[in-house]
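Colleague: Each chain, letter by letter, is given below.
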Amino acid sequence: MKMTAVTDGRKNSGISKKNRVDVCVQKQQGGFYLDIAFAAEQAGVTALFGPSGAGKTSVVNMVAGLSRPDRGRITIGDRCCFDGEKGIHLPPEKRRIGYVFQEARLFPHLTVGANLTFGMNRLKPTDRFVGFDPVVSLLGIASLLKRRPARLSGGEKQRVAIGRALLCSPQLLLMDEPLASLDQARKEELLPYIRTLSTRFRIPILYVSHQMDEIAYVADYMVRLENGSVTIHSPVSRNNMPCPGMPGTCHPRTGDRIPGSRDTGRFP
Amino acid sequence: MEGWHLTTMEWEALGLSLKVSFLAVAVSLPAGIGAAWVLSRYRFPGKGLVDGLIHLPLVLPPVVTGYLLLVLLGRKGIIGGFLYNTFGITLAFTWKGAAVAAAVMAFPLLVRAVRLSADAVDPGLEDAARTLGAGRMRVFFTITLPLMVPGIITGTILAFARSLGEFGATITFVSNIRGETQTLPLALYSLTQVPDGEAGALRLCIISVALAMSALLLSEWMARRFDTLMKG
Chain A
1 MKMTAVTDGR
11 KNSGISKKNR
21 VDVCVQKQQG
31 GFYLDIAFAA
41 EQAGVTALFG
51 PSGAGKTSVV
61 NMVAGLSRPD
71 RGRITIGDRC
81 CFDGEKGIHL
91 PPEKRRIGYV
101 FQEARLFPHL
111 TVGANLTFGM
121 NRLKPTDRFV
131 GFDPVVSLLG
141 IASLLKRRPA
151 RLSGGEKQRV
161 AIGRALLCSP
171 QLLLMDEPLA
181 SLDQARKEEL
191 LPYIRTLSTR
201 FRIPILYVSH
211 QMDEIAYVAD
221 YMVRLENGSV
231 TIHSPVSRNN
241 MPCPGMPGTC
251 HPRTGDRIPG
261 SRDTGRFP
Chain B
269 MEGWHLTTME
279 WEALGLSLKV
289 SFLAVAVSLP
299 AGIGAAWVLS
309 RYRFPGKGLV
319 DGLIHLPLVL
329 PPVVTGYLLL
339 VLLGRKGIIG
349 GFLYNTFGIT
359 LAFTWKGAAV
369 AAAVMAFPLL
379 VRAVRLSADA
389 VDPGLEDAAR
399 TLGAGRMRVF
409 FTITLPLMVP
419 GIITGTILAF
429 ARSLGEFGAT
439 ITFVSNIRGE
449 TQTLPLALYS
459 LTQVPDGEAG
469 ALRLCIISVA
479 LAMSALLLSE
489 WMARRFDTLM
499 KG
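Line by line, the protein sequences give chains A and B.
Numbering-wise (this note's numbering), the first sequence opens with residue 1 and increments by one.
Numbering-wise (this note's numbering), the second sequence opens with residue 269 and increments by one.
Do not rely on the hints blindly, as some may be mistaken.
Here are the simulated distance ranges between beta carbons [stated by the list, open to error]: (1) B:Val327 <-> A:Gln211: 51 to 57 Å; (2) B:Leu485 <-> A:Arg151: 47 to 53 Å; (3) A:Lys94 <-> B:Leu340: 40 to 46 Å; (4) A:Asp213 <-> B:Leu485: 31 to 37 Å; (5) B:Leu485 <-> A:Glu226: 57 to 63 Å; (6) A:Lys124 <-> B:Val306: 42 to 48 Å; (7) A:Lys94 <-> B:Lys287: 43 to 49 Å; (8) B:Val295 <-> A:Gly154: 24 to 30 Å.
It is worth saying that the hints were derived from the structure and are not from the lab.
Built from N, CA and C at the ideal position, the CB exists for glycine as well.
Please work from the sequences and hints to get the whole structure.
Modeller: Here you go:
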């Protein structure tokens with residue numbers, strides 16, 4: 001895969017027009033060799049799809065900076081996060097990548113509000129382009145702000161985790177099977193939110209799942225992994241795709257606020 | 269029995285014991301948290317040896333520990349000589365030395381309790397905090413450390429109680445000097461060695477029980493507060 005580093009001269013604006021994500025990594029993990037290359041387009045949902053053990057989570061962890069590839073290159077927009085040859089390996093806290101884990105991983109000692117602002121507070125106000133109020137109202141978590149994670153349901157936890165990742169105004173949002181630990185009803189509650197995130201906040205999303213119905217519903221592109229390498233890289237046609245399990249009845253709840261919206265939720 | 273009033277000697281012993289124990293805990297707490305965290309999170313050559321050294325005072329006879337301290341920290345010892353010649357600090361036969369003896373004896377209990385809670389902190393939470401823009405130090409102070417609080421409370425109380433009760437290492441290292449190194453257990457022991465000491469010994473015994481009980485109740489209460497906080 002050809003690696004293109006896109007430059008657009010708006011390094012610190014937060015909203016890179018070209019938020020193209022290029023990943024090309026190799027890593028030996030025990031007896032398992034991972035050799036992955038794919039690109040994800042700006043402001044779309046790219047699904048990483050594949051059976052368990054295909055290396056999906058390993059890829060996402062390398063993109064996030066939580067593990068280091070042996071070789072390769074990871075660029076987001078015009079920023080190089082990893083380059084094996086040049087010896088560049090940005091630590092996770094410098095990458096500006098939001099990560100929604102399978103288990104919500106909320107900080108149990110902090111209230112929902114403090115969890116949400118944990119990443120946001122680390123950010124210079126000029127780098128923030130995702131506003132607190134739009135996220136809270138989009139995810140419907142305004143009434144939970146004073147609670148602690150122990151008193152949230154699974155679906156609520158995951159919504160807070162999504163909000164927390166969004167609020168660090170990331171240039172890429174990673175979602176590693178965010179619905180896997182939830183029952184069908186909670187999944188259907190969350191899927192519409194995920195589908196609207198990318199367009200609403202213009203953040204490219206890398207969405208890991210082994211559920212084809214989820215991917216058909218949320219993704220624009222699909223990268224299929226098998227045994228540590230990419231087997232399919234194609235757009236997903238999702239026109240008139242019904243929500244899994246509830247044919248034709250489920251629409252993004254906040255859909256009325258989304259189409260054609262130019263509001264990126266930037267702080268006033 | 270001459271009533272419930274403490275004699276000067278008993279007051280001195282009580283005050284000294286509290287002073288020594290507070291200093292011992294204050295000094296060993298940051299080091300203990302650091303050691304527990306390193307032992308819980310990192311693998312390095314010689315880790316077993318470090319772990320063993322920390323736990324040694326728990327299994328050695330206290331008198332042996334005290335003697336080792338005297339050899340190392342006495343004015344002519346390797347470390348003690350250096351401390352005396354460069355800073356003019358004398359540890360042997362002073363109350364500061366008693367604090368050192370108490371700290372060394374309490375350290376393994378502290379580390380064990382804190383390490384249990386460090387092991388219980390999900391590294392996934394630390395990863396999550398890092399992806400949210402927090403560097404290693406900030407992750408430690410905002411995520412790891414607060415989540416280790418239950419173990420830190422238990423460890424502190426255990427260490428404090430152990431320091432209050434320290435006898436063997438103290439008497440060997442700093443002797444039994446009234447007003448300087450005669451802590452509560454040493455005073456109690458001394459009182460049992462003199463003809464009219466029973467009343468005083470009993471009073472000190474009651475004080476010891478009261479102190480230990482208060483420490484236990486305090487740690488229970490603090491642990492419950494923490495639990496409620498996390499569930500709120």
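Colleague: Indicate, hint by hint, whether the structure satisfies it.
Modeller: Results for each hint:
For Val327 (chain B) paired with Gln211 (chain A), a C-beta distance near 54 Å keeps the hint of 51 to 57 Å intact. As the Cβ distance of Leu485 (chain B) to Arg151 (chain A) is approximately 28 Å, the hint placing it in 47 to 53 Å is violated. Separation of Lys94 (chain A) from Leu340 (chain B) is about 45 Å and conforms to the stated range, judged on CB atoms against 40 to 46 Å. Look at Asp213 (chain A) against Leu485 (chain B): about 56 Å separates their beta carbons, and that is not inside 31 to 37 Å.
Range check, Leu485 (chain B) to Glu226 (chain A): about 60 Å between beta-carbon atoms, so the 57 to 63 Å window is met. Distance hint for Lys124 (chain A) and Val306 (chain B): a CB-CB separation of about 33 Å, inconsistent with the stated range 42 to 48 Å. The supplied range of 43 to 49 Å is met by Lys94 (chain A) and Lys287 (chain B), whose beta-carbon atoms lie about 47 Å from each other. Look at Val295 (chain B) against Gly154 (chain A): about 45 Å separates their beta carbons, and that is not inside 24 to 30 Å.
Comparing the model with each earlier hint shows violations of hints 2, 4, 6, 8; every other hint is respected.
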